[in-house]
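**Q** Modelling step: build the complete structure from the supplied sequences, incorporating the hints.
Number of protein chains: 2
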Amino acid sequence: MMKTCQDMMKSSELSPGSENVSQNNTRDEENQFEVAHNRSLLITDPVQPCRRTRAVVKEWLLKLRCCLGAACGMEWFAYAALGIFTAILSFLMDLSVTKLLRAHQWLYAKLEGHTSLQFFCWTLYPACLCAVASSFCHNICPSSTGSGIPEVRTMLAGFELPPYLSLTNMFIKFLGLTCSLAAGSTVFLGKVGPFVHISTMVGAYLGKLCTLIQANKEDAAAGQMLVVAAAVGVSSCFGAPVSGVLFSVEVISSHFALKHYCPCFFSAACGALTFRLLSVWSGDMETLRALFKTNFSTDFPFCPLEILLFAVLGVFCGAVSCCYLFCHRWILRFTKTNQIFIKILTTEKALYSSMVAFLLATLTFPKSVGQYMASQLTMRQLLTSLLDNSQWSAPPQNTSLQPLLEWSSPGSPVYLPLAVFLLMKMWMLVLACTLPLPAGYFMPAFIYGAALGRLLGEGVAYVTPGQKWDMRLNPGGYALVGAAAFSGAVTHTLSPALLAVELTGQFSHAVPVLLATLLANGVARARQRPSFYDAISISKALPHLPSLAKACPSLLFTPVGERLRPQSVQLQKAAALQEIQRAVSSSTEAQIPVVDSNESGNLLGFALRSDLLNFLHQKKIESHVKHLDEVCTLFPLPVLLSPAITVQEAFEILTLVGAKTLFVADRGRLVGLITWSELKRIIEELAKEI
Amino acid sequence: MMKTCQDMMKSSELSPGSENVSQNNTRDEENQFEVAHNRSLLITDPVQPCRRTRAVVKEWLLKLRCCLGAACGMEWFAYAALGIFTAILSFLMDLSVTKLLRAHQWLYAKLEGHTSLQFFCWTLYPACLCAVASSFCHNICPSSTGSGIPEVRTMLAGFELPPYLSLTNMFIKFLGLTCSLAAGSTVFLGKVGPFVHISTMVGAYLGKLCTLIQANKEDAAAGQMLVVAAAVGVSSCFGAPVSGVLFSVEVISSHFALKHYCPCFFSAACGALTFRLLSVWSGDMETLRALFKTNFSTDFPFCPLEILLFAVLGVFCGAVSCCYLFCHRWILRFTKTNQIFIKILTTEKALYSSMVAFLLATLTFPKSVGQYMASQLTMRQLLTSLLDNSQWSAPPQNTSLQPLLEWSSPGSPVYLPLAVFLLMKMWMLVLACTLPLPAGYFMPAFIYGAALGRLLGEGVAYVTPGQKWDMRLNPGGYALVGAAAFSGAVTHTLSPALLAVELTGQFSHAVPVLLATLLANGVARARQRPSFYDAISISKALPHLPSLAKACPSLLFTPVGERLRPQSVQLQKAAALQEIQRAVSSSTEAQIPVVDSNESGNLLGFALRSDLLNFLHQKKIESHVKHLDEVCTLFPLPVLLSPAITVQEAFEILTLVGAKTLFVADRGRLVGLITWSELKRIIEELAKEI
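In the order they appear, the protein sequences are chains A and B.
For what it's worth, the UniProt record's numbering labels the leading residue of the first sequence as 1, then goes sequentially.
For what it's worth, the UniProt record's numbering labels the leading residue of the second sequence as 1, then goes sequentially.
Check before you lean on any hint, since a few could be wrong.
No copy is singled out in the list; a pair is fine if it fits within one copy or between any two copies.
Stated by the list, open to error - Taking lysine-lysine and the DSS-like style, the derived pairs with C-alpha atoms no more than 30 Å apart in a straight line are:
(1) K688 with K259
(2) K660 with K680
(3) K660 with K550
(4) K680 with K336
(5) K550 with K425
(6) K550 with K573
In short, the hints are calculated from the structure, not lab data.
Because the structure is a prediction, the values reported are computed rather than measured.
**A** This is the structure:
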């Protein structure tokens, strides 16, 4: 019964071709017809129990689909659902992380007076959480570790990586990420990357659902849903729709199809709206507001001369990011080559995670080095305190804020905690990147950049005490600029500039933020250096062309003919029945190339495997030779490639044409086929050669 | 001498291939070598006067290029120059328009008491300006009329429209636009569209300059420069970098190449920064600030329930935009079919413009209907007044603003002027679209939308006087949302949402603005309705595929083979000398297809025309038959298309592959060539069939 119903649902929208020309007009009529038809079918079916009730329910469901479908395509409801569902997930995660962090803080405060107990509370809590996250991932779904963005962009480029879209992965990633985030600022990890991955998994499921309802839009809908889901990730994470979409534009490889533009913005807006409304309804906020709302002066945000300082800050952030990325690449190579590391990371992931977390927590213990690096603040408090618009070095006037006290260690200038924070967090962050648990690395970079900016801002405020504009100088602005510039440089993207604006709702600094992010990107991208995500892609040998191009540009100019597997399955025009049988059984491709004769090998076109199967099914008994073009349609080849074409070009044409198979022929003679799986094999081979 | 120097400059950077692999490393050495080489060459040249001085100057220039080139590619300096130059142009235009508007206002005020003289001052001033602009365009450069955006996007899609990039066009467009804008809110025209066109022309010239310096990057640099220039247009116009880039992403057809992303943002940031710095240096502003800065409350920007009202406003704006676009399409058809109109618009453009301007000015005369539609305000004042955050319907507390008085006609409620404004401006705007002068239609739509939003906002404020949140209700927010939604719906873009945020610096309303713009776009785009620019493209029969797709979708699925001109020029593999000569003289294409024999017509590859010319030049005397592959290299075809491929697919593959010629073959037999000019011919033919 289930199958019949699905078939009926599918058949309802089988409009010819992929064009949506005047499809809307005919769709209504089809639906109307189908409702009536379906009811009569169900009522007259003699086998089913409760026929009438089921018929009524089904009728109502189909009517609902008609109503929804009349307003706009079903996919738009799926986009809205994607945004809303991801935002709810994001909100739930924030809620649980806040509770877990508060529990830790409460326990730590209760143990006041017992330093050793406090030490164990401070260190064992994050160590246990990391161990739990790691063992979850290790035992249930090993592909849920890490950021997920490198895998997402590989999938968005068109390659299939099934384990990265499974439902198990989603649950494990969600639980593991909650644990990682609850470990707090000690382990110093973020939420963005895994959340983009989670939203992609949600998108993949909604895409499947959409495909089930709309049978004629299979591939397009599923592919589009993934692109939209990547945009929704960031949007739902911070309630920042525009930067979410721009981030997805930037991570999608080489070409952004404009047909995704409106769906992305629509879904991102739904996600951001839901996320902010949830904050309002939960009582966190009075109305819809930015997540890290700041109170910079809008009348005189900065002096025009400060533009130069912002530019310097951008270049400086770019330089520091190069240093950070170098260390990151080094440690990635080290964990891949050092035998001890390989052994630990393959068998004792939970132990390794807890040991690293314990080490990091020991160093940040507030009664040791931690007091010089504001370690008692959570990630969110850290960012809020760094973006504060009052000058810390100035004599305190009305600074009753708790976070600010954390940064001012007694007797020492304000620069000391900032400098210690920057020096320590650099290597701690690099070490944390080796942890085998779901974790984002964007937010830590954002906060690190904010600290860099703050240091410069406070420095400028200190150096220029007598200037006229000093009184209005706002170190928070420098922190904002630094945050965007550093995180942009680390990820080689510009969208952090807009994210900084959306997170703080502070539009006055938009131009300096953009300028600094551009300069930082310029420094970080010089000499084709790989970005943070590129380094992971290369280390994992993912079939992602742009990162491969950075690691070894010449590889992409390899002619595709050199790497192609020789085509074994082809049919002669005058093929015998046995030949057809052999071809059908030995090939799994949907299109089977047809040549003039096996000797000449001149490519004529292709036959559909399904047509051949049909023919074989019908004519099992007859066995005399027949000409192939009497048996089935011979399709002409829309595009024919030469073996001299490069891997990159072949990839781009495959992406663009939307075909599943491209034929490669050398002066008319068939050389091979390019399919997604073949291309994936070629690129993975290339990646391993680096 | 000039030529020699250019050649030398060109030869300096002729690195092999188009890859920039390790190009940076070799470039410095090459430059160093060239400086020394150039000096010695100049000094030893016996013919030239002032050899030593010229050598020194040239040496310094080349050294400067080395220094600049060491920092980054020369194209980045061109992007910066493009942004800065366009911003200066924009600033100069604003300055002259302000002066001209002030002169008009001063004269009008001086004539107070003489109503008839005031009437003539009010009407003749814009009429004369429009006549001047029209006759300028008509007599010197007819292609400078209108918005320019439809032509720009056609060029960005890859087609060449040389008259639209000429230097004359740029000057005429600049002068004409200044006149149109100086006609003020009477004629109600904007600046965006023509400015995008002007910046594209600037970009084209800078692109040529770049090509001159960097000989090896010809096409890519010029194409990229156009894309960047389109982004810079909006950015320099309003000092709004992000929305400028997004606008250019949205207008570029179907695919946005990510390699343009950073250059676009860089150039747009330079433009926006320059534009704002110029405002600061000219004394208009104290520091860098948004153009239409508002003072909405950021603590409680709006009540969460108001989201629903914003959504309703979005849908309403979408519906009104459909009505406006319908009228616009009707008048475009009318001017193309009505014989009187055709006659006037071909011969008496200046007369027509002045008559229309006179009619519009008569109706907006402040002592007649004009008093009910705030006609004394300039475009800028109109927008500022509509975005004001106080409630007009509330009893005046401290509304000392002059603009607000204009909207409150004595004795009548505030809704009357708004309603009259909306009703009158609708048809006046449609009429103004027929004026044959350089003018933008975006800003009028933006202001119209703001008025729509304001009307709803004031209505809501009036209807809900007793509510708790009424006291904080901000009709300015509705105006902002309405402006973005209406202009977005008219142009079928989402970037106005961001432009609204960037123009006002008001981030608190970002989410409602985006939501309303999305909904308005949804309504406006339903049933494949063409946008404002699409209608112009269709009316002008421009070879722009997406607009063609909206007018008649089935046309794009025409197989390219049906429209292709049969290929007359081809060479046999065993071609005689005469045959080669005939082929070279009868074809202008760079690539000449080579076939097996003229009878079989099997395509083997192509020969370069330049190779053949070289051969003919050398072997003029010999006349015996030779095999072609001994004479020149026979290149394999990277991509071969079938005649069954659609026009749209052929266009996309041509765009992507970056080749200038694609070969179409039916089962190995040559059918024809697809070049940009051939494709342009085909699409223009299709466009005329609508």
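**Q** All the hints need checking, so say for each whether the structure fits it.
**A** Cross-check of the supplied hints:
When the C-alpha separation of K688 and K259 is checked against a cutoff of 30 Å, the pair qualifies only between copies, where the shortest distance is 26 Å, while the shortest distance within a copy is 34 Å. In this assembly of identical chains, the alpha carbons of K660 and K680 lie at most 30 Å apart whether taken from the same copy (13 Å) or from different copies (29 Å). When the C-alpha separation of K660 and K550 is checked against a cutoff of 30 Å, the pair qualifies both within a copy, at 27 Å, and between copies, at 27 Å. Within a single copy, K680 and K336 get their C-alpha atoms as close as 23 Å, which meets the 30 Å cut-off; across copies the closest is 54 Å, which misses it.
Taking CA atoms no more than 30 Å apart as the test, K550 paired with K425 passes inside one copy only; the shortest distance there is 27 Å, against 55 Å between copies. In this assembly of identical chains, the alpha carbons of K550 and K573 never lie at most 30 Å apart, being 45 Å within a copy and 42 Å across copies at closest.
Hint 6 from the earlier list is the only one contradicted by this structure; the remaining hints agree with it.
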